[in-house]
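Given the sequences, and given the hints that come with them, work out the whole structure.
So for the sequence shown, the UniProt record's numbering puts the first residue at 1; every next one is plus one.
No lab work stands behind these hints: they were computed from the structure. Careful: at least some of the hints might be erroneous.
Unchecked claim - Ranges of calculated distance between the beta carbons of each label pair, as one might list FRET restraints: (1) I86 - K32: 29 to 37 Å; (2) I56 - V93: 15 to 23 Å; (3) E130 - N109: 36 to 44 Å; (4) D38 - S65: 36 to 44 Å; (5) I53 - A97: 39 to 47 Å; (6) E88 - I4: 42 to 50 Å; (7) A149 - T67: 51 to 59 Å.
Idealized CB from N, CA, C, for every residue including glycine.
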Amino acid sequence: MTIIKKLFSEESNSKMLARFKTSVSTRASLEKVIRIIDDTEFWQALEQVVKLIDPIVEVLRDLESDTCLREGQSPAGLQLSIKSHIEERWKFVSSDAINIAFLLDPATNTNKFMGDDMNKTVKAAVEFAERANLLHDTSEALFTAALYAFASMKKGGR
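What follows is the structure, given as structure tokens:
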């Protein structure tokens, strides 16, 4: 970052910077670049992104090379690392509300539920309906059956 700051400083590159100060649009572009260079949050976020994708780049480099993987290089280890990142992210974005919306969306395919997610989602939908006092004229069992029937119709209908 220091090298980039130095590149865009008046003292070291006044001739280059003078070219960008000739019109309003080029001056605005230069000011935007300088704001990005001075933005510490941008550089911190960039560092996080690089840390996240660097292992992927390394493996791609190895897999695209003309040589075999050397002993000690472990795509399986990388897979576990990537899988754990994905699972952590999934835990963050997956919620009862999202899963219920997915279940009730006619355009989605409930075959995409994994493991016991379908049963957990139906249970969460029933619990929500009870809390929201939406089951006036129907029983919990009938509502549960209706949810499963709707999910089944979505699977076969599309």
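Handout entry: Cβ separation of E130 and N109, checked against the hinted range 36 to 44 Å
Key = violated, 27 Å
Problem - Range hint compliance [Cβ, I53 to A97, 39 to 47 Å] - result: The hint (39 to 47 Å, Cβ to Cβ) is violated, given that I53 and A97 are roughly 30 Å apart.
Problem - Range agreement (Cβ of V93 with Cβ of I56, hint 15 to 23 Å) - result: holds, 20 Å
Exercise for the section: Starting from the hint 36 to 44 Å, judge whether the C-beta atoms of D38 and S65 obey it. Expected result: holds, 39 Å
Handout entry: CB-CB spacing for I4 and E88 relative to the 42 to 50 Å hint
Key = violated, 32 Å
Exercise for the section: Hint says 51 to 59 Å; check whether the CB-CB distance for A149 and T67 agrees. Expected result: holds, 56 Å
Practice task
Could you say whether the range 29 to 37 Å given as a hint is met by the Cβ separation of I86 and K32?
Solution key: The hint (29 to 37 Å, Cβ to Cβ) holds, given that I86 and K32 are roughly 34 Å apart.
The structure fails hints 3, 5, 6 (numbered hints given earlier, in ascending order).
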